[in-house]
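Visitor: Protein chains in written order, with our numbering: chain A, 1 to 111; chain B, 1 to 114.
Rather than coming from a laboratory, the hints here were simulated on the basis of the structure.
One thing to keep in mind: the hints can contain errors.
No farther apart than 25 Å at their CA atoms in a straight line, the calculated lysine-lysine pairs in the BS3-like style are these [stated by the list, open to error]:
1. B:K62 / B:K16
2. A:K79 / A:K45
3. B:K78 / B:K62
4. B:K78 / A:K98
5. B:K16 / B:K78
6. B:K11 / A:K45
7. A:K98 / B:K62
8. A:K42 / B:K11
9. A:K98 / A:K45
10. A:K42 / A:K79
11. B:K62 / B:K11
12. A:K2 / A:K98
13. B:K78 / A:K42
14. B:K71 / B:K15
15. A:K2 / A:K45
16. B:K16 / A:K98
17. A:K2 / A:K79
18. B:K15 / B:K62
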Amino acid sequence: RKEVEQDPGPFNVPEGATVAFNCTYSNSASQSFFWYRQDCRKEPKLLMSVYSSGNEDGRFTAQLNRASQYISLLIRDSKLSDSATYLCVVNPSGNNRKLIWGLGTSLAVNP
Amino acid sequence: EAGVVQSPRYKIIEKKQPVAFWCNPISGHNTLYWYLQNLGQGPELLIRYENEEAVDDSQLPKDRFSAERLKGVDSTLKIQPAELGDSAVYLCASSPSRGAETQYFGPGTRLLVL
Numbered sequence: 001r002k003e004v005e006q007d008p009g010p011f012n013v014p015e016g017a018t019v020a021f022n023c024t025y026s027n028s029a030s031q032s033f034f035w036y037r038q039d040c041r042k043e044p045k046l047l048m049s050v051y052s053s054g055n056e057d058g059r060f061t062a063q064l065n066r067a068s069q070y071i072s073l074l075i076r077d078s079k080l081s082d083s084a085t086y087l088c089v090v091n092p093s094g095n096n097r098k099l100i101w102g103l104g105t106s107l108a109v110n111p
Numbered sequence: 001e002a003g004v005v006q007s008p009r010y011k012i013i014e015k016k017q018p019v020a021f022w023c024n025p026i027s028g029h030n031t032l033y034w035y036l037q038n039l040g041q042g043p044e045l046l047i048r049y050e051n052e053e054a055v056d057d058s059q060l061p062k063d064r065f066s067a068e069r070l071k072g073v074d075s076t077l078k079i080q081p082a083e084l085g086d087s088a089v090y091l092c093a094s095s096p097s098r099g100a101e102t103q104y105f106g107p108g109t110r111l112l113v114l
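Extracted from the complex, chain A is given alone in its bound form:
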C-alpha cells in the first residue's frame, strides 16, 4: 500500500458544482496534513493545512478522519480558476522532515 494515495481523476465538473477529493494515508501515526495546489506547468503552492477539527477557507473545506486515515478537500461553487491538480501531503513522523506527497488529483472546471 502506498503511503499516500489519491484518485488521480480527472474530475470534470461544471462551474458552480461542489466537488470533493479524498486522500488516504497508511501511517496511523502521521502528524500533519496539507493540501497543495499545482497549476499546469507551475510549482506547487500550499492551499491549506488540515487540522483535526477541520478547517474552512472560503469555498474550501478540509477535514481529517484519523479513524479511517483519510483527509478530504471539499470545493464549493467551483470556479474555472479552480482547475488544477490538488496534491495531498502528509508528514508521517511529526518531525516535519519528510513530507510524503500524493500523486495529485486533477480537477477541470468547465464553463
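Since chain A is already given, all that's left is putting chain B on it; use the hints.
Guide: Using the frame of chain A, we list chain B on its own:
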C-alpha cells in the same frame, strides 16, 4: 518578498552530458529541498538541507547526482552524466526553520535529455 529563484528554467542536453541547476531560497529560510517531479506524479524528495548540512539525501542517486549548499544559502544540484530517464522538472523549495512545514517552491527547471 522575493520567492525562490531557480535557473535555468529550461535545459535541453544530450545524454551523458553534465547539467547543473541553481536555487536561491527565500531570504532567511534555513531549510532547502530539491525535488524531482515527473509528469503526472507528485514531487519526490532528492535532498534536504538544514543550513549547509545535508540532513536527508537518502533518495539522491549518488552515482550521478550531487548537490551542495556551501554557505547555507543558495544551492546547486548537478547530474553527471545525465541519462534519458532524468528528464523531469527539478523543483527547489525552502522553508523558514526546522519547525516550519510550509514549503515554498521555485518555478522549477524543466530538463529534457535527448
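Visitor: Determine for every hint whether it applies to the structure shown.
Guide: A quick look at each hint next to the structure:
no.: 1; hint: B:K62 / B:K16; result: 16 Å, holds
no.: 2; hint: A:K79 / A:K45; result: 18 Å, holds
no.: 3; hint: B:K78 / B:K62; result: 10 Å, holds
no.: 4; hint: B:K78 / A:K98; result: 22 Å, holds
no.: 5; hint: B:K16 / B:K78; result: 13 Å, holds
no.: 6; hint: B:K11 / A:K45; result: 23 Å, holds
no.: 7; hint: A:K98 / B:K62; result: 19 Å, holds
no.: 8; hint: A:K42 / B:K11; result: 16 Å, holds
no.: 9; hint: A:K98 / A:K45; result: 17 Å, holds
no.: 10; hint: A:K42 / A:K79; result: 19 Å, holds
no.: 11; hint: B:K62 / B:K11; result: 21 Å, holds
no.: 12; hint: A:K2 / A:K98; result: 15 Å, holds
no.: 13; hint: B:K78 / A:K42; result: 22 Å, holds
no.: 14; hint: B:K71 / B:K15; result: 31 Å, violated
no.: 15; hint: A:K2 / A:K45; result: 23 Å, holds
no.: 16; hint: B:K16 / A:K98; result: 31 Å, violated
no.: 17; hint: A:K2 / A:K79; result: 31 Å, violated
no.: 18; hint: B:K15 / B:K62; result: 17 Å, holds
Hint compliance for this structure: hints 14, 16, 17 are broken, all remaining hints hold.
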